[in-house]
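Chains A and B are the protein sequences, given in the same order.
Position 109 of the first sequence, counted from 1, bears residue number 127 in the numbering used here, the numbering being contiguous throughout.
Position 359 of the second sequence, counted from 1, bears residue number 377 in the numbering used here, the numbering being contiguous throughout.
Simulated from the structure, these hints should not be mistaken for laboratory data.
Any given hint could turn out to be false.
Note: identical chains are not told apart, hence a pair may lie in one copy or across any two.
Said to hold, decoys possible - Computed list of lysine to any residue pairs in SDA-like fashion (alpha-carbon distance at most 20 Å, straight line):
1. K181 to D268
2. K302 to T354
3. K357 to E308
4. K302 to K357
5. K357 to G304
6. K481 to E267
7. K249 to I475
8. K251 to A176
9. K251 to K327
10. K462 to D97
11. K302 to A353
12. K454 to A127
13. K143 to R309
14. K227 to F470
15. K69 to I26
16. K29 to D144
17. K357 to I305
18. K182 to V68
19. K488 to E28
Protein chains: 2
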Amino acid sequence: MTKLQTLISEKPWVAWAVFGATVVIVFLAGLFGASVVERRSEAQQRFQIVKPIGEWEPRNEIWGENFPREFESYYKTSDTNFASKYGGSKTVDMLARDPNLVVLWAGYAFAKDYNQGRGHFYAIKDIRNTLRTNQPQPATCWTCKSTDVPRLMSKMGASDFYKKTWNELGSEVVNMIGCQDCHDPKSMNLRITRPALAEAFQAMGKDIKTATHQEMRSLVCAQCHVEYYFKGKTEKYLTFPWKYGFTVEDMEKYYDEVEHVDYVHALSRTPILKAQHPDFELFKMGIHAERGVACADCHMPYKSEGGVKFSDHHMQSPLNNISGSCQVCHRESEATLTKNVNDRQDKIIELLHTAETSMVKAHIEAKIRQAQWRWDYIAASHGGSFHAPVEAGRILGASIQKAGEARIELAKILAVLNVKTPIAFPDISTKEKAQKFINLDMQKLKLDKAEFLNKVIPEWDKKAAERQSKMNQ
Amino acid sequence: MTKLQTLISEKPWVAWAVFGATVVIVFLAGLFGASVVERRSEAQQRFQIVKPIGEWEPRNEIWGENFPREFESYYKTSDTNFASKYGGSKTVDMLARDPNLVVLWAGYAFAKDYNQGRGHFYAIKDIRNTLRTNQPQPATCWTCKSTDVPRLMSKMGASDFYKKTWNELGSEVVNMIGCQDCHDPKSMNLRITRPALAEAFQAMGKDIKTATHQEMRSLVCAQCHVEYYFKGKTEKYLTFPWKYGFTVEDMEKYYDEVEHVDYVHALSRTPILKAQHPDFELFKMGIHAERGVACADCHMPYKSEGGVKFSDHHMQSPLNNISGSCQVCHRESEATLTKNVNDRQDKIIELLHTAETSMVKAHIEAKIRQAQWRWDYIAASHGGSFHAPVEAGRILGASIQKAGEARIELAKILAVLNVKTPIAFPDISTKEKAQKFINLDMQKLKLDKAEFLNKVIPEWDKKAAERQSKMNQ
Chain A
19 MTKLQTLISE
29 KPWVAWAVFG
39 ATVVIVFLAG
49 LFGASVVERR
59 SEAQQRFQIV
69 KPIGEWEPRN
79 EIWGENFPRE
89 FESYYKTSDT
99 NFASKYGGSK
109 TVDMLARDPN
119 LVVLWAGYAF
129 AKDYNQGRGH
139 FYAIKDIRNT
149 LRTNQPQPAT
159 CWTCKSTDVP
169 RLMSKMGASD
179 FYKKTWNELG
189 SEVVNMIGCQ
199 DCHDPKSMNL
209 RITRPALAEA
219 FQAMGKDIKT
229 ATHQEMRSLV
239 CAQCHVEYYF
249 KGKTEKYLTF
259 PWKYGFTVED
269 MEKYYDEVEH
279 VDYVHALSRT
289 PILKAQHPDF
299 ELFKMGIHAE
309 RGVACADCHM
319 PYKSEGGVKF
329 SDHHMQSPLN
339 NISGSCQVCH
349 RESEATLTKN
359 VNDRQDKIIE
369 LLHTAETSMV
379 KAHIEAKIRQ
389 AQWRWDYIAA
399 SHGGSFHAPV
409 EAGRILGASI
419 QKAGEARIEL
429 AKILAVLNVK
439 TPIAFPDIST
449 KEKAQKFINL
459 DMQKLKLDKA
469 EFLNKVIPEW
479 DKKAAERQSK
489 MNQ
Chain B
19 MTKLQTLISE
29 KPWVAWAVFG
39 ATVVIVFLAG
49 LFGASVVERR
59 SEAQQRFQIV
69 KPIGEWEPRN
79 EIWGENFPRE
89 FESYYKTSDT
99 NFASKYGGSK
109 TVDMLARDPN
119 LVVLWAGYAF
129 AKDYNQGRGH
139 FYAIKDIRNT
149 LRTNQPQPAT
159 CWTCKSTDVP
169 RLMSKMGASD
179 FYKKTWNELG
189 SEVVNMIGCQ
199 DCHDPKSMNL
209 RITRPALAEA
219 FQAMGKDIKT
229 ATHQEMRSLV
239 CAQCHVEYYF
249 KGKTEKYLTF
259 PWKYGFTVED
269 MEKYYDEVEH
279 VDYVHALSRT
289 PILKAQHPDF
299 ELFKMGIHAE
309 RGVACADCHM
319 PYKSEGGVKF
329 SDHHMQSPLN
339 NISGSCQVCH
349 RESEATLTKN
359 VNDRQDKIIE
369 LLHTAETSMV
379 KAHIEAKIRQ
389 AQWRWDYIAA
399 SHGGSFHAPV
409 EAGRILGASI
419 QKAGEARIEL
429 AKILAVLNVK
439 TPIAFPDIST
449 KEKAQKFINL
459 DMQKLKLDKA
469 EFLNKVIPEW
479 DKKAAERQSK
489 MNQ
């Protein structure tokens with residue numbers, strides 16, 4: 019007999035104690051196991067709708083009750099922190115930083131006012147505040163600014179929406195960019211809510227419905243972060259010039275074919291193409307797109323909180339979150355990766371300024387349209403010098419060459435006309451002097467804007483609040 | 019008792035059989051183990067000198083008896099196969115492919131003859147054959163072409179070597195580039211045999227002796243694959259213009275400071291800087307150098323034969339050996355990686371041709387020196403559009419801008435002089451027409467060269483053979 023057997027035969031309560039202890043331990047282990055299984059299934063569960071969301075619900079707060087993590091991180095776009103050395107920590111007055119822009123855009127609204135873009139949070143606020151806009155603005159200008167747009171388009175159709183003015187829909191478009199713009203309210207799948215992108219795919223002979231989930235993680239951004247124009251004098255139909263493809267020449271070919279002109283230059287009388295923000299197009303030319311990386315991989319990387327993995331909806335420069343974005347693939351230090359980005363930006367910014375200087379010199383009429391389109395294509399892109407630095411360099415080199423050709427033609431004319439060169443150059447050393455040079459009445463513009471903000475906007479907001487409070491009932 | 023015990027007690031020979039079999043198995047295992055250990059130590063042993071190599075032995079065959087794998091792979095450089103779509107499978111007559119070059123180099127020997135470079139195997143043969151060289155050539159031209167150079171420099175000193183002519187040393191410089199150029203004959207360590215590189219480091223305040231082994235795997239290449247000039251009208255002292263750094267502007271600053279001019283343009287009378295092959299410098303500006311990759315990592319990757327790992331001495335385009343080079347780090351398919359390289363090259367070649375066309379138009383005098391230096395800097399680099407495409411784009415953009423400025427000045431002058439523009443352009447559609455346009459007497463050049471090759475060279479080779487046969491005794 020073993021010692022235990024001896025012990026039990028002498029003191030039988032010991033056996034019962036061992037039995038009881040075992041029961042307790044097994045029970046606790048069972049509880050713990052159940053808890054683990056439950057947490058896992060919680061983490062696997064994609065989401066739970068605690069409060070139903072209407073098909074075209076524009077208010078982020080309603081979506082946010084179901085998705086607090088996404089909602090809270092999205093609202094961090096209110097804290098606009100530009101990581102790039104060319105951004106700085108606050109919004110930059112681009113015209114004050116580089117008064118050449120005033121001259122290049124003479125005859126176009128950007129000469130009045132142009133600040134570096136801020137986070138999605140400010141979409142409605144900033145487009146109301148800029149001197150570029152006022153009451154008779156076409157509604158098309160709102161297409162990318164508000165979750166109210168899909169709602170209105172579902173009611174009135176896209177083409178009718180585009181034909182309206184700000185005046186007519188002022189109280190309807192009040193909610194900033196948000197959940198509704200990219201997500202289906204039932205399945206939360208990504209969806210395209212702006213017809214222009216789907217139509218541009220069609221024009222290229224493609225069907226956007228065949229896009230994979232990973233492609234959609236870029237395409238929802240491509241609804242807005244692209245080159246576009248308003249087609250038709252009264253239709254103002256939002257159109258992407260992608261018929262012939264994604265390169266700067268492809269789009270130029272399209273614009274030339276439809277004889278599109280964004281503005282006639284106030285000094286040179288040249289019909290000018292203004293690039294908007296061809297970010298998706300330039301991104302497609304770069305190595306990250308080539309490797310299948312999506313916008314969201316770097317600008318909305320996954321993170322974990324409380325055992326739940328979710329996509330960080332604080333869209334921002336990846337330089338603000340290198341460990342969550344770049345370092346998922348790249349093993350280099352934060353300092354090295356930051357230097358690599360800055361190096362690319364430095365080289366392209368240098369070429370950008372060379373192109374700019376050449377064109378400002380050629381502002382008097384000459385064949386400056388092609389050169390300016392190429393320069394603007396890169397100047398207007400937000401991330402071109404990182405996304406596709408080689409393509410950006412190629413385009414700027416062509417811009418510089420075309421500006422040179424224009425100035426040669428000009429030099430001949432001036433010499434024959436016996437105009438002494440170099441022409442006495444106006445003082446455009448500050449934004450104010452440059453705006454005066456191109457004859458902008460800035461005081462009147464500012465007074466008009468103040469009236470718009472102080473009288474019109476409060477009316478719109480009041481009406482919108484009344485309308486939305488009824489939606490809540 | 020177990021069954022075995024029963025068996026043994028009944029049949030004792032069984033025990034002996036088991037014992038015997040065990041002995042045999044253990045013995046064989048021991049033999050196998052010894053063989054494994056021996057093979058491992060063979061593989062670990064760096065090398066074994068079976069035939070001693072003299073301190074300045076120029077003949078690759080002597081080194082090759084000790085290092086058959088390196089020797090045999092090195093001799094594959096005789097099979098020049100250009101992987102790039104811009105190379106083709108045979109040596110390309112660059113002037114015939116692009117007659118613009120004849121005009122751009124009018125007044126310089128490259129307008130006479132310029133073929134795409136071939137493998138190291140052809141170093142002596144090709145420099146003898148080109149129309150650019152003849153008997154009075156400075157010996158400095160040989161510095162990078164032969165293993166006889168370190169031998170001669172050790173005897174007479176570098177500066178005396180540079181002062182000699184081909185005529186004086188014709189029978190001494192006969193062995194192609196080879197082992198001696200990069201390796202110490204005792205330790206086989208990499209070593210710098212050309213003083214220009216060490217002196218350039220000194221000029222930058224650096225000591226090349228502190229270079230790591232990985233750095234040396236690029237620096238031995240940088241002895242030759244760099245920008246250089248011959249300093250002094252009689253000294254012809256081989257010098258790298260690195261005093262201010264590795265950028266195109268740094269070198270221009272140095273050349274301007276020492277008032278260096280490679281040639282005066284035959285048409286425009288402009289003092290021109292000719293770029294040689296700034297490959298190491300451009301490589302340093304790119305992401306591969308930034309990540310610590312050495313020339314040898316891609317152009318001489320490791321391979322295995324018979325359990326021995328060695329560096330493949332068949333220097334060639336990595337596109338010929340993607341699995342051994344690119345795919346060591348990059349997981350993409352060969353097709354994808356090839357496309358990525360071609361995309362970069364396409365964009366930069368496009369800018370290169372834009373710059374070229376601008377400059378040919380400006381060949382009549384104008385301030386074309388800065389533009390041409392920048393164009394040539396990229397045109398003369400072998401791998402710039404892959405090694406550092408963003409830097410290459412930046413430089414070409416500046417070239418185009420400067421060519422434009424020059425042409426504007428020109429346009430003014432021509433208009434005032436009442437010269438009708440565009441100027442009637444000469445027919446330079448072929449190499450021959452372009453050479454005629456710049457007044458080159460090609461027939462005389464070819465006759466002179468034939469005499470040199472048929473009369474002088476055989477004499478040199480005969481003397482060299484006699485001299486070397488004495489070395490063998």
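Violated hints, by number in ascending order, as checked against the structure
1, 6, 7, 9, 10, 13, 14, 15, 16, 18 and 19
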